[in-house]
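Visitor: Heads up: the sequence lines are chains A and B, in that order. Okay, so the first sequence: first residue is 706 according to our numbering, each after it adds one. Okay, so the second sequence: first residue is 706 according to our numbering, each after it adds one.
Worth flagging that the hints you see were computed from the coordinates, not collected in a lab. Any given hint could be a false lead.
Because identical chains share one entry, a pair is satisfied inside a single copy or across any pair of copies.
[Said to hold, decoys possible] 30 Å max Cα-Cα, derived DSSO-like pairs, lysine-lysine: (1) K771 - K842; (2) K842 - K736; (3) K771 - K932; (4) K788 - K842; (5) K783 - K842; (6) K771 - K874; (7) K874 - K842.
Number of protein chains: 2
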Amino acid sequence: MTIQLYDLCAADRERRFSPACWRTRMALEHKGLAYETVPVLFTEIASIADRQQRTLPVLVDGDEIKRDSFEIALYLEKNYGDKPSLFGGEGGMALSRFLHGWAGATLDAQIVRLVLCDIHAILDEADQSYFRDSREKRFGTSLEAVVNRSDEAVQAFRNSLLPLRLSLKGQNFLGGDAPLYGDYCVFGSFQWARMVSDFALLQEDDPVQLWFERCLDLFDGLGRKAKG
Amino acid sequence: MTIQLYDLCAADRERRFSPACWRTRMALEHKGLAYETVPVLFTEIASIADRQQRTLPVLVDGDEIKRDSFEIALYLEKNYGDKPSLFGGEGGMALSRFLHGWAGATLDAQIVRLVLCDIHAILDEADQSYFRDSREKRFGTSLEAVVNRSDEAVQAFRNSLLPLRLSLKGQNFLGGDAPLYGDYCVFGSFQWARMVSDFALLQEDDPVQLWFERCLDLFDGLGRKAKG
Numbered sequence: 706m707t708i709q710l711y712d713l714c715a716a717d718r719e720r721r722f723s724p725a726c727w728r729t730r731m732a733l734e735h736k737g738l739a740y741e742t743v744p745v746l747f748t749e750i751a752s753i754a755d756r757q758q759r760t761l762p763v764l765v766d767g768d769e770i771k772r773d774s775f776e777i778a779l780y781l782e783k784n785y786g787d788k789p790s791l792f793g794g795e796g797g798m799a800l801s802r803f804l805h806g807w808a809g810a811t812l813d814a815q816i817v818r819l820v821l822c823d824i825h826a827i828l829d830e831a832d833q834s835y836f837r838d839s840r841e842k843r844f845g846t847s848l849e850a851v852v853n854r855s856d857e858a859v860q861a862f863r864n865s866l867l868p869l870r871l872s873l874k875g876q877n878f879l880g881g882d883a884p885l886y887g888d889y890c891v892f893g894s895f896q897w898a899r900m901v902s903d904f905a906l907l908q909e910d911d912p913v914q915l916w917f918e919r920c921l922d923l924f925d926g927l928g929r930k931a932k933g
Numbered sequence: 706m707t708i709q710l711y712d713l714c715a716a717d718r719e720r721r722f723s724p725a726c727w728r729t730r731m732a733l734e735h736k737g738l739a740y741e742t743v744p745v746l747f748t749e750i751a752s753i754a755d756r757q758q759r760t761l762p763v764l765v766d767g768d769e770i771k772r773d774s775f776e777i778a779l780y781l782e783k784n785y786g787d788k789p790s791l792f793g794g795e796g797g798m799a800l801s802r803f804l805h806g807w808a809g810a811t812l813d814a815q816i817v818r819l820v821l822c823d824i825h826a827i828l829d830e831a832d833q834s835y836f837r838d839s840r841e842k843r844f845g846t847s848l849e850a851v852v853n854r855s856d857e858a859v860q861a862f863r864n865s866l867l868p869l870r871l872s873l874k875g876q877n878f879l880g881g882d883a884p885l886y887g888d889y890c891v892f893g894s895f896q897w898a899r900m901v902s903d904f905a906l907l908q909e910d911d912p913v914q915l916w917f918e919r920c921l922d923l924f925d926g927l928g929r930k931a932k933g
């Protein structure tokens, strides 16, 4: 049976924007596995698969139900060991946790302050209500008050990406000559912004933008062709 | 000939505090190589080795002179391939660049705002003058004005370490069950603070502090025994 990826969607179900789901999608492509995506609204998550799920992505592979993008990557690496490695060895597997954590905790936390209202704008009506309530509770203020696109805020965000720039000096991907799961962790964050917003996070000549463009070209331009 | 590590020192030449030099020192220990350290003041750097050096660490291994802690790690990995790996494979080598960049660009940049005056206080008189001039030029203000130990600043610093905490869930080191060069990159930053200051960067029960304690125990307690 084909692997199923439950993938967060907007009101337009072809629009897939979850950073974590993008990580998993790129990992499936990297492994060269056949899969299909199943679009899921925020308010539909509780009813998918075994009805025990609260977050996406969820991956169903035969009898296996896996959640959490990093756990899914570990599962794919272990169960499809004959396919290209997502980690490039044991050291790469361990260190990928840091990139995963940095992308989710540091990078996403900054990007959300640039695109939060744009996310809300593309959601289905029921999802909009859920999203506003849950996020305003989390941030302790309105969605509109969270967003800050001042020159200072944007510059601070760009400055914070220096570790990426240093890492990409002399290699095309964070994983070296070719991408690894660490690349997909960070790619997911930038693709999330790209799928929900026209706001330019990066300057065109930023080495991070050039790396992102290379990622968009991977797998026959999967990320670039995706409907935003 | 024994490998020589030119190692930044304070007025007390036994006090070694450079984060980058600590990375290299831990890498040498990890490889189990014989080496000696040569204490160097800031104002002595230009006169060491081939008199072409401007930063530390500098490693001299026979006819080879290597600088930049990451380049030194690559050199050690390549030339001492029969010794324990610093990277755990090609993926680990590539991804270590990100940890190196994050430690140097993000972590050190925050720690310096907590301990800058403490660094100045332990330096030799000529170094104090050099350090104040160069750092005040870099920051555009006095050393004293850079330091901010307000509750908010300290909490913001601690919050920013979430990627480390996430990474250390379920593994003792960033490199997995045992440390890799990625651990030494981050260790160097915290050891730098420890060698110059009594200020508690972390709470005792913080998983990052518990990891740091494990690192201090490595190599027969090298980091812990070091004179701060």
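Visitor: Hint by hint, say whether it matches the structure.
Guide: Evaluation of the provided hints:
1. When the C-alpha separation of K771 and K842 is checked against a cutoff of 30 Å, the pair qualifies only within one copy, where the shortest distance is 28 Å, while the shortest distance between copies is 53 Å.
2. Within a single copy, K842 and K736 get their C-alpha atoms no closer than 38 Å, and across copies no closer than 50 Å, so neither meets the 30 Å cut-off.
3. For a Cα distance limit of 30 Å, the shortest separation of K771 from K932 inside one copy, 26 Å, qualifies, whereas the shortest one across copies, 49 Å, does not.
4. Taking the shortest alpha-carbon separations for K788 and K842, neither the intra-copy value of 43 Å nor the inter-copy value of 53 Å comes in at or below 30 Å.
5. Taking identical chains as interchangeable, the C-alpha atoms of K783 and K842 are never at most 30 Å apart, the minima being 38 Å within one chain and 52 Å between chains.
6. Within a single copy, K771 and K874 get their C-alpha atoms only as close as 35 Å, which misses the 30 Å cut-off; across copies the closest is 19 Å, which meets it.
7. For the homomeric pair K874 and K842, the shortest alpha-carbon distance between copies (27 Å) is at most 30 Å, but the shortest distance inside one copy (40 Å) is not.
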